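There are 2 protein chains.
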Amino acid sequence: MNPNIYPPAMRQLINELSKLPSIGEKSAIRLAYHLITGDTSRAFSLAQAITQASDRTEFCKVCFALTENEICDICSDANRNDGIICVVEKPADIFALERSGGFRGKYHVLHGLWSPLRGVKPEDLKLEQLFERIQALSKSKTEYNGLQELIIATSTTVEGDATALFIANKAKQQFQIRVSRIAQGLPQGGELEYADELTISHAIEGRRIVDDHHKVI
Amino acid sequence: MNPNIYPPAMRQLINELSKLPSIGEKSAIRLAYHLITGDTSRAFSLAQAITQASDRTEFCKVCFALTENEICDICSDANRNDGIICVVEKPADIFALERSGGFRGKYHVLHGLWSPLRGVKPEDLKLEQLFERIQALSKSKTEYNGLQELIIATSTTVEGDATALFIANKAKQQFQIRVSRIAQGLPQGGELEYADELTISHAIEGRRIVDDHHKVI
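Keeping their order, the protein sequence lines are chains A and B.
Going by my numbering, the first residue of the first sequence is number 1, and it counts up by one from there.
Going by my numbering, the first residue of the second sequence is number 1001, and it counts up by one from there.
For the record, the hints were derived by calculation from the structure and aren't laboratory data.
A quick note: this is a predicted structure, and the numbers were derived from the prediction, not measured.
Glycine included, C-beta positions come from ideal geometry on N, C-alpha and C.
Treat the hints with care, since some could be wrong.
Unchecked claim - Derived list of chain A stretches under chain B, where covered just means 3 residues or more per stretch with a C-beta under 8 Å from a C-beta of chain B: (1) 7-19; (2) 28-34; (3) 48-60; (4) 65-71; (5) 122-136; (6) 165-172.
Claimed, not checked - Each pair of labels, with its calculated beta carbon distance range: (7) A/116 to B/1079: 51 to 61 Å; (8) A/34 to B/1039: 32 to 42 Å; (9) B/1018 to A/188: 19 to 29 Å.
Stated by the list, open to error - Below, simulated DSBU-like cross-link-like pairs (lysine-lysine); rule was C-alpha separation at most 30 Å, straight line: (10) B/1019 to A/19; (11) B/1026 to A/61; (12) B/1019 to A/90; (13) A/26 to B/1172; (14) B/1019 to A/126.
Take these sequences, add in the hints, and give me the full structure.
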């Protein structure tokens, strides 16, 4: 491409947009063109939204999720169970779990997964903070009798599994608490015929009894 | 989606990003997450690039392409042929033509196509300005003897064809100049087997003689 065909500020914008994930050069050009020829006030709104979101959003001091306050809304929600902590890799995972609406405990964000191949060590994750949290909860008997369960909801990848095992071992040794891992199996709507071998073997391993009322227990 | 799971400024950013073309809610969330958790200076660079590009870029007073000056680089380029004007629908079309490198004349951007269905009338396009330009060029005999040719490079759609015909009729009546339309046919790498009927019939209509040296003339 001859970059001189675009005016300088447009070239700069295309360059910045191309750095975004899953935005290639063609998409960047289309977006830049849209922003420049469209309503100026809308371009300004977007620029302002980027600045403000980047400026105001920080990590929660307790769970390291995204928040605009010292402590995030979930951590400071008295209606949520303090006794269950769900460990995730990144803030986006909390949003995914919250969308499902199936969890009413608290979270802890690791900000990464243990990956020797990529040079990520356990010390690089928010693990020390997790164990300090567990320690504090084990001492102070809250409404829910300290920590009841640690749910590890890292991805079902090699790194996710390794991180889960690392946390589970350490947590069980130090605190004698219950540690669980989210279930692996067929996704909703998944067809056995097209599922990979590992998913099927996990689905069979993790099978659950169906009771007389045809309910899975 | 429960929008309350995102901090307010992030929610606002997701909302603004979703307004961009071909960015759905999921992409907007992923981009917002990337901008917030990534390097703050990069988010600021993007915001600044949007503001500046939107601020500084205007339409060229002559051809209505995008520029940061009164007159765009192409219009003020003395090495380009003033005697050939290529008429396009939108500034992005100029970028596409310039990338191909096959044209060394000047441009004129209509900023739309005649479309009775969408309520776009010929008066809504930069047509009056085009005819004024042709008039001026016809009077002042430049290096290239005024206007030699008007190439209409609108899309090969119903609207594009209607607009081309409208311009061609008016230009030929008023100025007795040569008016051409870009060729329609099989695209590079196109297979006859999979081409639609209209493309094939245009390709046959527009066939060109191959000379003794096997060159298309």
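Structure-based check of all given hints:
Here's how the stretch 7-19 of chain A fares: 10 of its residues keep a CB closer than 8 Å to some CB of chain B, so the rule of at least three is met and the hint holds. For the stretch 28-34 of chain A, the assignment as covered by chain B holds, since 6 residues bring a beta-carbon within under 8 Å of that chain's beta-carbons and 3 suffice. Note: the stretch 48-60 of chain A has 10 residues with beta-carbon separation from chain B under 8 Å; the three-residue rule is met and the coverage holds. Evaluation of the coverage hint for the stretch 65-71 of chain A: fulfilled, as 3 residues show C-beta separations to chain B shorter than 8 Å, against a requirement of three.
For the stretch 122-136 of chain A, the proposed coverage by chain B is not satisfied: 0 residues have a C-beta within less than 8 Å of a C-beta in that chain, short of the threshold of three. By the rule of at least three residues with a Cβ nearer than 8 Å to a Cβ of chain B, the coverage given for the stretch 165-172 of chain A is violated, with 0 such residues. Checking the proposed 51 to 61 Å range against residue 116 of chain A and residue 1079 of chain B shows it holds: the Cβ atoms sit about 59 Å from each other. For the pair residue 34 of chain A and residue 1039 of chain B, the supplied restraint of 32 to 42 Å is violated, since their beta-carbon distance comes to about 25 Å.
Between residue 1018 of chain B and residue 188 of chain A the Cβ separation comes to about 25 Å, which falls inside the hinted range of 19 to 29 Å. Distance check on the hinted pair: residue 1019 of chain B and residue 19 of chain A sit about 19 Å apart at the alpha-carbon level, within 30 Å; holds. The straight-line distance between the Cα atoms of residue 1026 of chain B and residue 61 of chain A is roughly 27 Å, inside the 30 Å bound, and the hint therefore holds. Proximity of residue 1019 of chain B to residue 90 of chain A is assessed by CA-CA distance (about 26 Å); at most 30 Å being required, the pair is judged to hold.
Between residue 26 of chain A and residue 1172 of chain B the alpha-carbon distance is near 37 Å, which puts this suggested pair outside the 30 Å criterion. For the proposed pair residue 1019 of chain B and residue 126 of chain A, the alpha carbon gap of about 35 Å is over 30 Å, so the pair is violated.
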